[in-house]
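A.B. asks: Chain by chain, the residues run as shown.
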Amino acid sequence: MNRSLIVILGALALCAGLFFGSYALCRQICHTSMSRPTDSLDWLRQEFHLTDAEMARVRGLHEGYLPKCAAMCKQIADKKKEIAASLTGATNVTELTQRQLGELASLRAQCQSQMIQHFLEVSQAMPPDQGKRYFAEMKRITLGEHEQVEKSMSDSPGMQHGH
Amino acid sequence: MNPHPDDVKLTARLRESRPSPPLPPRFEEAVWRKIDDAEAKSRPTQTPTWLDALAALILRPRFALVTVTVLVLAGATLGVYKGVDLARRDAQSRYVVSVAPNSLR
Chain A
767 MNRSLIVILG ALALCAGLFF GSYALCRQIC HTSMSRPTDS LDWLRQEFHL
817 TDAEMARVRG LHEGYLPKCA AMCKQIADKK KEIAASLTGA TNVTELTQRQ
867 LGELASLRAQ CQSQMIQHFL EVSQAMPPDQ GKRYFAEMKR ITLGEHEQVE
917 KSMSDSPGMQ HGH
Chain B
318 MNPHPDDVKL TARLRESRPS PPLPPRFEEA VWRKIDDAEA KSRPTQTPTW
368 LDALAALILR PRFALVTVTV LVLAGATLGV YKGVDLARRD AQSRYVVSVA
418 PNSLR
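Residue numbers (our numbering), protein chains in the order written: chain A, 767 to 929; chain B, 318 to 422.
Be aware that a few hints might be false.
Unchecked claim - Straight-line alpha carbon distances no greater than 20 Å define the calculated DMTMM-like cross-link-like pairs of lysine to aspartate or glutamate that follow:
# : chain 1 : residue 1 : chain 2 : residue 2
1 : B       : LYS399    : A       : GLU813
2 : A       : LYS905    : B       : GLU333
3 : A       : LYS846    : A       : GLU861
4 : A       : LYS834    : A       : ASP895
Note that these hints are calculated values from the structure, not bench results.
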């Protein structure tokens, strides 16, 4: 093979190695050094530039909300178990199952409204602009995904649900 | 075979009867130059291709140093940017997981 071609190919391989090597190394170092898995509220402080006082208020709200959220999650999990038990060996949907499904939907709605209420309270504990941004972001993450799934299902042919 | 002594004498006489004109200055040098030029013309010419030019450029130490520096800096900058973004996403997911149960998302 031509000597010049070997030199060029070797240089290209070396360049690619140097670029991706330095990229991967710096990405890993940065990711590792900036991640603090111990504090779940770290994102709020970084993203919304909260002061210590604002963080303390948000932390208080967060710690007050967690037990309520856990209790609601437990009720939902128990209801799902009841439904699974009533569906064992079933050949059709009984009145009991229908009632349990309704209760599960109601529990989920309560849980969701409690969560949104928490987001609103947290947003009010922040400076107004950051609070608005926080609430919009949380709506996008927690409600936006459902909207996308529903939209994709209603748009796709053969998946008309009539709503 | 040795030449006949008369032939030698005859040759000398003939040379004397036809005197050769004096050679121009630097005659020998000019002859050799013409021979060199003729040989160079008969040799196949090998002009460097763009690949040769590029390889020569790559092998220049200053060019290689600048290229390596630029690539390492560009890779590091992109890596830092990506690392910060990954850390931010991780932190966001940790918060979201703590406040929004999976069944509601």
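A.B. asks: Compare the structure with each hint and give your call.
C.D. replies: Each hint, compared with the structure:
The suggested pairing of LYS399(B) with GLU813(A) holds, with an alpha-carbon distance near 16 Å, which does not exceed 20 Å. For the hint linking LYS905(A) to GLU333(B), the alpha-carbon distance of about 120 Å lies beyond 20 Å, and the restraint is violated. In summary, the hint linking LYS846(A) to GLU861(A) is supported, as the alpha carbons are separated by about 16 Å, within the 20 Å threshold. About 28 Å separates the Cα atoms of LYS834(A) and ASP895(A), which puts this hinted pair outside 20 Å; it is violated.
Checked against the numbered hints listed earlier, the structure breaks hints 2, 4; every other hint is satisfied.
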